[in-house]
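Participant: Generate coordinates for the entire structure from the input sequences, incorporating the hints supplied.
Note that the protein sequences, when read in sequence, are chains A and B. Our numbering puts the first residue of the first sequence at 1, with every later residue one more than the last. Our numbering puts the first residue of the second sequence at 1001, with every later residue one more than the last.
Treat each hint with caution, since some may be false.
Simulated restraints on C-beta separations [to be verified]:
| id | chain 1 | residue 1 | chain 2 | residue 2 | range |
| --- | --- | --- | --- | --- | --- |
| 1 | A | A138 | B | F1199 | 29 to 39 angstroms |
| 2 | A | K71 | B | Y1030 | 54 to 64 angstroms |
| 3 | B | I1174 | A | K196 | 46 to 56 angstroms |
| 4 | A | K71 | B | R1280 | 16 to 26 angstroms |
| 5 | B | I1174 | A | G186 | 44 to 54 angstroms |
| 6 | B | I1174 | A | K213 | 38 to 48 angstroms |
| 7 | A | G62 | B | G1185 | 26 to 36 angstroms |
| 8 | A | A104 | B | M1001 | 26 to 36 angstroms |
| 9 | A | E25 | B | M1001 | 51 to 61 angstroms |
| 10 | A | G62 | B | R1280 | 29 to 39 angstroms |
| 11 | B | G1185 | A | G186 | 29 to 39 angstroms |
A few chain B residues that don't get close to chain A, going by computed Cβ distances all over 10 angstroms [stated by the list, open to error]:
| id | residue |
| --- | --- |
| 12 | S1023 |
| 13 | E1117 |
| 14 | L1190 |
| 15 | T1196 |
| 16 | I1225 |
| 17 | I1235 |
| 18 | V1263 |
| 19 | A1281 |
Treat the hints as calculated values from the structure; they're not laboratory data. Even glycine gets a Cβ: it sits at the ideal position worked out from N, Cα and C.
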Amino acid sequence: MLKLEKVSKSFGDVKAVEDITFEVENGEFVFITGASGAGKTTVIKLILREYLPDTGQIIIDGEDITKAKDKEIPKIRQQIGVVFQDFKVLSERTLRENIEVALAVAKVPQNEWKERVNHVLKLVGLMERGNFFPSQLAGGELQRTALARALVINPKVILADEPTGNLDWETADSIMDLFDKINKEGKTIIMATHHKGIIDKMKKRVIEIEKGKIVKDSGKKESHKEKPKEEVAEEK
Amino acid sequence: MAAIFVLTTTFFVATVLSIFIYSSGQVIRYFETRPQIIAFLKDDTTESDITILEAKLASDARLKNVSYISKEKALEIYKEATSENPLLSELVSPSIFPASLEFSVNDLTDAESVIDEVKKESIVEEVGFTASLGGESSLTDVVGRLRKVTYYIRVGGSVFVGFLLGTSLLVILIIIGMRITARRGEIEILDLIGATPGFIRSPILIEAVLYALIGVFIGWLSSFILILYSTPTLIRYFGDIPVLPSNTLRLLIILLIILGSEVLIGIVLSLTGSILAVSRARRKK
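Facilitator: What follows is the structure in structure tokens.
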């Protein structure tokens, strides 16, 4: 469903990523890891078409997004759910309104909003806090809000850039459980993180980047689709 | 508040100036359409001679508003003019007033030649000008001066309103720019979750249009109150000269036309300002 083919991006003389090639299949959970400045966030931003690569192709569902015109970018982004380290929630809107914004952006008919928002709020465990403002919520809850906003548009893939970076270990762990749950429901997740503990615990596919180049790709590992049904049931 | 204040000032001045331009136009029209030339007729002139000369003047393309004033009509006008002093009208009879043909010229530069021609008519005793204005040179002078003053009001006023509109545009640009800076985080989030430029821009544009509409309305309303308040005084002061319509409905229609034009200008102004501010912000990104 997602393929990066010999993708390179430089900022002046600095090569942020070089010759990046990998493929992610439907339902996979992939970690992109590496030290700070290795190029993880650049990869996420390239997939989100925040950056245009200097060379290479980025194909989502058979469509090369590097060839998309500026006016087509919103359409591409509406198919991708995004979660950031700093949550990026709208501070002047309630949690429920933050999620509704994503539906308004995706032009989802208003009569479907309530049901869809309730569904994702329940999924992330924030049903009781829908009318709270971000300033009234803890970091973990804000990240759950961001995840709910990403999920509500039913995206093809979820991109998460250091989603646990601002959270304590316990909260990070619960957020990762949530991501795992969502992945098990069939969502493709690509997560940039340098949190080794999380990567080790999750036992998913890991693409390691060093100085903009892929130095290790553990290949498809234990994605939901690959697992025998009994194993998934056991985990539940 | 700053945007609304500047827009209010702009549209207050624009409304007052529009009315001023309308009034000066009315004053010019008043003087131009007054009978400027009066041909006093000899006492022994027959009705048929008068009719022939009247028809001749009426068919002259240089002239307009040709009308015959009989001795009786002249007395009536005199009585009306001296109504405050009835003794004066009692002392006169129609016989002392000569009958006359009154008319105006379309272009005052033709006045001299027209007078010379009319003087040559056998039934004409004397040719004169509107007495209160004191003759040809004075009339030309007054209308000429009025035209000049009106021209300066129009040009000067337009430049001033243009300057105010420019200031308003700059203020909108700066204020919307500041609002965009304050909302940069929100704009970034919306952009990342796939909002179209139109979706991101629309609240900013609506805000700017609202500023403009409030500014237009307050500016227009203030000048409307000022004009309504001063209309009776102006009408009394200028007497016969219709500087403002004495009919309230007609005055209201003029003010509503001004309001409509200002709403249109306000919307164009605010949209231009906000679109420029948004594109500046995008370039800075």
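Participant: Against this structure, judge whether each hint is valid.
Facilitator: Okay, the hints, checked on the actual structure:
no. : hint                                      : result
1   : A138(A) with F1199(B): 29 to 39 angstroms : holds, 30 angstroms
2   : K71(A) with Y1030(B): 54 to 64 angstroms  : holds, 59 angstroms
3   : I1174(B) with K196(A): 46 to 56 angstroms : holds, 49 angstroms
4   : K71(A) with R1280(B): 16 to 26 angstroms  : holds, 20 angstroms
5   : I1174(B) with G186(A): 44 to 54 angstroms : holds, 50 angstroms
6   : I1174(B) with K213(A): 38 to 48 angstroms : holds, 46 angstroms
7   : G62(A) with G1185(B): 26 to 36 angstroms  : holds, 34 angstroms
8   : A104(A) with M1001(B): 26 to 36 angstroms : holds, 29 angstroms
9   : E25(A) with M1001(B): 51 to 61 angstroms  : holds, 57 angstroms
10  : G62(A) with R1280(B): 29 to 39 angstroms  : holds, 38 angstroms
11  : G1185(B) with G186(A): 29 to 39 angstroms : holds, 32 angstroms
12  : S1023                                     : holds, 50 angstroms
13  : E1117                                     : holds, 74 angstroms
14  : L1190                                     : violated, 7 angstroms
15  : T1196                                     : violated, 5 angstroms
16  : I1225                                     : holds, 38 angstroms
17  : I1235                                     : holds, 54 angstroms
18  : V1263                                     : holds, 29 angstroms
19  : A1281                                     : holds, 16 angstroms
Of the numbered hints given earlier, the model fails hints 14 and 15; all others are met.
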